[in-house]
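Could you slot chain B onto chain A? The hints should help.
Protein chains: 2
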Amino acid sequence: MKVMIGVDLGGTNIRVAKVDENGKILQEIKSPSYAQESRERVVENMKDLIHRIDGYDTCEGIGIGVPGPVNQVERKMTLSTNLPGFEGYPLAEEIEKEFHIPVYLENDADVAGLAEAMVGAGKDYPIVFYTTLSTGIGGGLIVNKQVVSGRKGFGAEIANIIIDRNRKAINKLSAGAVENEASGTNITRKANELMGEKVFKHAGEVFNAAERGNEDIQKLVEEATMDLAMMYATITATVAPDIFVLGGGMMQSKDSFLPKVIEKYQGLVHEQLRDTPFVEAKLAEPGVVGAAMLVLSRQK
Amino acid sequence: MKVMIGVDLGGTNIRVAKVDENGKILQEIKSPSYAQESRERVVENMKDLIHRIDGYDTCEGIGIGVPGPVNQVERKMTLSTNLPGFEGYPLAEEIEKEFHIPVYLENDADVAGLAEAMVGAGKDYPIVFYTTLSTGIGGGLIVNKQVVSGRKGFGAEIANIIIDRNRKAINKLSAGAVENEASGTNITRKANELMGEKVFKHAGEVFNAAERGNEDIQKLVEEATMDLAMMYATITATVAPDIFVLGGGMMQSKDSFLPKVIEKYQGLVHEQLRDTPFVEAKLAEPGVVGAAMLVLSRQK
Chain A
1 MKVMIGVDLG GTNIRVAKVD ENGKILQEIK SPSYAQESRE RVVENMKDLI HRIDGYDTCE
61 GIGIGVPGPV NQVERKMTLS TNLPGFEGYP LAEEIEKEFH IPVYLENDAD VAGLAEAMVG
121 AGKDYPIVFY TTLSTGIGGG LIVNKQVVSG RKGFGAEIAN IIIDRNRKAI NKLSAGAVEN
181 EASGTNITRK ANELMGEKVF KHAGEVFNAA ERGNEDIQKL VEEATMDLAM MYATITATVA
241 PDIFVLGGGM MQSKDSFLPK VIEKYQGLVH EQLRDTPFVE AKLAEPGVVG AAMLVLSRQK
Chain B
1 MKVMIGVDLG GTNIRVAKVD ENGKILQEIK SPSYAQESRE RVVENMKDLI HRIDGYDTCE
61 GIGIGVPGPV NQVERKMTLS TNLPGFEGYP LAEEIEKEFH IPVYLENDAD VAGLAEAMVG
121 AGKDYPIVFY TTLSTGIGGG LIVNKQVVSG RKGFGAEIAN IIIDRNRKAI NKLSAGAVEN
181 EASGTNITRK ANELMGEKVF KHAGEVFNAA ERGNEDIQKL VEEATMDLAM MYATITATVA
241 PDIFVLGGGM MQSKDSFLPK VIEKYQGLVH EQLRDTPFVE AKLAEPGVVG AAMLVLSRQK
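Here the protein sequences line up with chains A and B, keeping their order.
Using this note's numbering, the first residue of the first sequence is number 1, and each one after it goes up by one.
Using this note's numbering, the first residue of the second sequence is number 1, and each one after it goes up by one.
Pulled out of the complex, with its shape left as it was, chain A reads as follows (with noise of 0.2 Å):
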């Protein structure tokens, strides 16, 4: 059975994993990512970890999952938020250089949605739209088995889906952008406004507080669970994925806005559409398990 090395580089931890072509993780080591110190930091630190997996250099290749868009054509990051100095950087080739197996660099928000697609929820469908909902909003379009990357890699950089063109700009992304308006930290934001003070720690207690009663916080979940409906209606309407995978902080209340979500999704969408499928995501470490999986998807 071929092993491959999944690196998951975030911008506080990176972890990396070796795991087997069914997914199962068979060594796993964690460590601060260090990306305040420095990129030469991150670098060697990332170097030393891949070292330490036992037989590293009998492997199939290394996959490495970062936080932003990655430019397939030039295998560098075109945006780099949380890794400073990253952006442009030719990661994959210095690895590479080290180890001598192949290299292969992607989005965070991809390869999770490639280990569903591989091994996980979305493993019987030839198309699978993963979505995660936390901080903020995020996807992943897998076609058989590969991840559509999309122009300079901003392939299912869905936070910028314009679901209410009436609302306001609040920042950099486009007015009525998905992300600004129902996102766990903007419903949170936004109930917080709401009752003018900050109540709420998490979307979580802003659910709570609508099953509770408080009519205004429940005209705000069933705006934010309309424009998450927009969003995937939207979505369907591009691509008519045959499964959506969602991942994310937020699915931990998933019981408290998805059924209203796929409720109104169902009202936007195609007759013979709406019977598709909004499963939760299944692997516990998506990350690693995706990036390693994209070295078996990329050698395809």
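Among the clues, some could well be false.
For identical chains, the list gives no copy identity; a pair is met inside one copy or between any two copies.
Said to hold, decoys possible - For lysine-lysine, the following DSS-like pairs were computed, each having C-alpha atoms within a straight-line distance of at most 27 Å:
no.	residue 1	residue 2
1	K123	K145
2	K145	K300
3	K254	K123
4	K254	K264
5	K282	K264
6	K254	K201
7	K282	K123
8	K123	K300
These are calculated hints, taken from the structure and not from any lab test.
Just chain B now, kept in the frame of chain A:
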């Protein structure tokens, strides 16, 4: 060089052509499709036409483009408005039985997109999004020379992208669906409603009136081009294609509306995607050429 048969089956006409790998049409026959007579008549006529292609039995296979979504698992049309009786009918199987070479079925906008992606304006790009702006609005998503058909064949059925949820519902599409707001027919309808009488016969005349200085019509054109820009921005936020290839009757007036669409689009997408090219479709007969290319594409 490989040679394939392409069939473009429409509600009015059918074209059958022998096409080489470069997309060159070697022989072509055109006939009414007899869609209003009976399904049997349509199928018999199609068989007759294919039999009339020189050396039809030595071709690699037969590709058929049809006016509606095609479920690729069942190899059948899932919706067929302009071809009565074809919903759920095993056309591919029927033609295979007659000719004993592989037969592939796909939606007409998808095969037009495939033609452009393989031998037309998009041939140098991994991710091609083809749009047709005409009576309706249709699309085709082609990734690495493969059509992304979508769940039950509904991939890139972009008519239903909601570009403004605050519009009125006017038919079975969602309220604010782009086709109802910005297709050629609907731009013409809205302009005539604004004038209180049937002044315009097609969108080109509406654009001309705006250029001659009619301020009400200018506002309408501004809105319609914003609606189209929203559609393209939505597609970009979902898949980030490397290129948009544009076909359809409205492109005859491209100088009157396309620069406005592109300018507005650039204000709605990430700064790194503002240079996404919008290019006019190149092929004179994308229908038969794309249908033929389907054979090559699917055999890979």
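Compare the structure with the hints numbered earlier in the document and write down the numbers of the violated ones, lowest to highest. Those not satisfied: there are none.
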